[in-house]
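Whole structure, please, built from the sequences with the hints as guidance.
Below are the chains, spelled out letter by letter.
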Amino acid sequence: MALRRSDDPAWIADVRRTARGIRRRVLAHTLAHGGGYMSQACSSAEILATLYRGALRLGPPADPPIPRPFAGPPGAGNPDAFTGAGYNGPRAPELDRFYFSPVHYALVLYSALIEVARMAPEGLDQFNRDGSTVELIGAEHSPGHEVTAGSLGQCLSQAAGAAWARRRSGETGRNVVFLSDGELQEGQTWETFATLAWHRLDNVLVYVDMNAQQCDGAMDSVMGIDPSGDRLAAFGARVVEVDGHDPAALAAPAALAPDGRPVVVLARTDPCRGLEILRERAPKLHYLRFTSNEERARYAAALAEFEEGEGDA
Amino acid sequence: MNIVKRPHRTNLIRFAARHPEVVVLSADLTSSCEADLLRDQRADQFLSLGMAEQNMVSFAGGMAREGLTPWVHTFAVFLTRRTFDQVAMSIAYPNLRVRLVGFLPGITTPGGVTHQAVDDLALMRVIPNMTIIECGDATDDETVLEVAQAVDGPVYIRMLRGLVPRLFPADQALVLGRCRELGQGEDVAVLTSGICTEEGLRALAALRSRGLAATHLHVSTIKPFPQSQVLDALAGVRGGVVVLENHSIIGGLGSAVAEVMAEAGLGLPLVRLGLQDVYAQGASREYLMAKHGLDAAALVCAIEGLVDADFGVPAEELTADVTAPDEGRVEDL
Chain A
0 MALRRSDDPA WIADVRRTAR GIRRRVLAHT LAHGGGYMSQ ACSSAEILAT
50 LYRGALRLGP PADPPIPRPF AGPPGAGNPD AFTGAGYNGP RAPELDRFYF
100 SPVHYALVLY SALIEVARMA PEGLDQFNRD GSTVELIGAE HSPGHEVTAG
150 SLGQCLSQAA GAAWARRRSG ETGRNVVFLS DGELQEGQTW ETFATLAWHR
200 LDNVLVYVDM NAQQCDGAMD SVMGIDPSGD RLAAFGARVV EVDGHDPAAL
250 AAPAALAPDG RPVVVLARTD PCRGLEILRE RAPKLHYLRF TSNEERARYA
300 AALAEFEEGE GDA
Chain B
0 MNIVKRPHRT NLIRFAARHP EVVVLSADLT SSCEADLLRD QRADQFLSLG
50 MAEQNMVSFA GGMAREGLTP WVHTFAVFLT RRTFDQVAMS IAYPNLRVRL
100 VGFLPGITTP GGVTHQAVDD LALMRVIPNM TIIECGDATD DETVLEVAQA
150 VDGPVYIRML RGLVPRLFPA DQALVLGRCR ELGQGEDVAV LTSGICTEEG
200 LRALAALRSR GLAATHLHVS TIKPFPQSQV LDALAGVRGG VVVLENHSII
250 GGLGSAVAEV MAEAGLGLPL VRLGLQDVYA QGASREYLMA KHGLDAAALV
300 CAIEGLVDAD FGVPAEELTA DVTAPDEGRV EDL
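Order-wise, the sequence lines are chains A and B. The numbers in numbering that gives the first Met the number 0 rise by one with no breaks, and the one at position 180 of the first sequence is 179. The numbers in numbering that gives the first Met the number 0 rise by one with no breaks, and the one at position 58 of the second sequence is 57.
Careful: at least some of the hints might be erroneous.
Stated by the list, open to error - Looking from chain B toward chain A, a few residues come up when the C-beta cut is under 8 Å (computed): (1) M62; (2) L67; (3) V125; (4) P127; (5) N128; (6) A149; (7) G152; (8) G176; (9) E180.
As the list claims (entries may be wrong) - Residues from chain B that keep clear of chain A, each with C-beta distances beyond 10 Å, as calculated: (10) N94; (11) Q148; (12) L265; (13) V306.
Simulated from the structure, these hints should not be mistaken for lab results. In this text the structure is predicted, and so the values were computed from the model without any measurement. Don't be surprised by glycine CBs; every beta carbon is placed ideally from N, CA and C.
Here you go:
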């Protein structure tokens with residue numbers, strides 16, 4: 000569905016429905032498998048839903064609805080290797096590329112792909128199974144993944160290189176990166192922002208999930224990154240700070256006319272959004288693993304509420 | 000001996016003109032890596048990314064995915080130690096056509112330990128998909144570009160700059176996967192690479208004139224290692240094998256030869272000359288080569304040990320026959 004007006008109530012409702020579906024799928028999967036990256040779904044659901052519901056200019060999916068098994072790592076002796084970029088549509092000069100950096104969010108991305116009918120729901124059955132590409136921490140062969148990004152900080156540079164090459168050959172498609180706020184601690188990230196500004200790569204659009212959480216806990220207990228907006232602006236980025244759960248606000252920066260600067264959308268998010276009982280786990284939100292049957296039962300009840308509420312998002 | 004001044008500097012321009020898909024990337028060492036003429040004459044094939052090597056390497060991966068062939072120019076230390084993870088994940092895992100051109104191999108710089116790449120080959124060898132080529136003279140320097148450009152995957156090149164000797168005829172191009180065979184004999188086999196081949200030629204000329212029969216290979220393809228050619232050359236050798244390289248004895252050519260010999264069950268003594276698992280220091284090339292045993296004298300000594308003989312070679316016969324001031328070695332640290 001193409002995005003025409005980001006304040007269209009029907010479109011906003013569609014994004015909200017999609018985001019709710021992402022949370023529900025990740026919660027269901029977490030319950031079925033005894034653990035999962037739940038808070039990442041709660042924080043980023045509207046960002047991914049906004050992007051896939053029209054903020055990104057993507058063609059129809061070009062990869063099979065049921066993901067293929069791993070065909071081996073790329074190499075001279077392996078003509079069968081592939082990437083998961085086809086789930087985001089074909090490569091075309093006028094279309095956007097979508098680079099997914101914090102691949103610990105892979106389960107969230109797979110759920111988003113299912114919600115927007117780019118991957119079959121059964122594809123998630125292969126999650127974290129030996130020999131599958133639907134990996135726990137995604138790599139370039141995983142659905143929706145363009146590059147191998149798991150060593151955080153490298154994806155943005157790769158997208159920048161692609162953006163430079165695409166601009167050089169006259170392509171008009173943008174290079175959209177989904178980043179986690181923890182990556183603002185990586186030195187390479189700042190090397191890249193300096194490069195994007197200096198070389199005026201305004202065909203790069205970065206969405207940062209500012210959920211203020213990282214593996215050890217709250218970012219402010221690990222190493223704070225504020226004032227992140229000021230830092231990015233000082234590096235030459237065109238910074239837009241938005242409520243990361245507001246579809247219209249999230250979509251608006253994607254419609255900005257390029258002005259020479261890379262656009263960075265700081266999406267302020269809540270890592271427990273839509274799943275109140277998750278707050279009890281704070282500040283340890285990085286990975287949800289149930290500690291008792293009683294806790295599991297309470298999350299199962301939360302899932303039941305999701306399923307009852309389906310359709311009236 | 001014929002010395003060529005800055006062969007890469009002009010050759011790179013001719014090469015880039017033949018390959019519009021080539022873009023040279025630089026991290027603030029443009030003239031130090033002899034890419035300044037290209038920057039000035041073919042600006043559309045040059046990109047300055049500042050002193051930010053991690054970004055540069057991953058950025059190159061992104062460019063390669065879009066069909067360009069980035070030629071990343073910087074010092075070998077910064078291209079391998081500093082950016083190891085970026086090389087492995089942004090370039091080598093996806094088997095992208097990125098060429099990493101590392102300057103100042105080993106102790107060719109007086110810049111001290113921060114600038115001396117004594118472990119770059121070891122680091123690059125453990126990375127799957129990586130092809131590794133080391134240049135030993137001006138002909139290698141000039142012909143390695145087309146050889147690397149034809150490889151369908153990442154290539155690491157150990158490049159020589161400045162005043163570079165021409166050891167091999169200009170029309171005898173470097174061939175991927177082939178050692179240059181510089182002599183055949185059954186007393187000992189000597190394998191050399193990079194700047195150490197010049198030392199090997201000098202040492203073996205002195206020893207052959209005194210009756211030694213030696214096999215000599217100049218190894219430019221470090222990976223994939225030319226295993227069968229090396230084993231063929233070693234067949235029939237009686238006294239032993241010496242490897243001389245401008246690198247740590249761990250992980251480079253000496254290790255590659257040891258692995259091949261052991262797997263083939265070749266029961267010959269092996270002497271690995273190179274940096275003996277130590278750091279060097281800031282000093283002249285000649286001083287460091289003598290101190291760490293990377294020169295012709297060290298090779299003569301090792302061979303004498305293997306064949307249990309004293310050839311009585313005077314020291315002056317083992318020093319370079321060229322005394323031109325080597326400006327390329329002291330500028331642009």
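Status of the hints after comparison with the structure:
1. M62: B/M62 check passes; min Cβ-Cβ to chain A is 4 Å, inside 8 Å.
2. L67: At about 5 Å, which falls below the 8 Å cut-off, the nearest Cβ of chain A leaves the hint on B/L67 intact, so it holds.
3. V125: violated (15 Å)
4. P127: holds (7 Å)
5. N128: holds (5 Å)
6. A149: Where the cut-off is 8 Å and the nearest Cβ of chain A is about 12 Å from B/A149, the hint is violated.
7. G152: With a minimum Cβ separation of about 6 Å from chain A (threshold 8 Å), the hint on B/G152 holds.
8. G176: It is violated, given that the least Cβ distance between B/G176 and chain A is near 13 Å, above 8 Å.
9. E180: Violated. Min distance 26 Å.
10. N94: Check fails; 4 Å does not lie beyond 10 Å.
11. Q148: holds (15 Å)
12. L265: Label holds. Min Cβ-Cβ 27 Å, cutoff 10 Å.
13. V306: At about 41 Å from chain A, B/V306 clears the 10 Å cut-off, so the statement holds.
Going down the numbered hints, you'll see the structure goes against 3, 6, 8, 9, 10, while the others check out.
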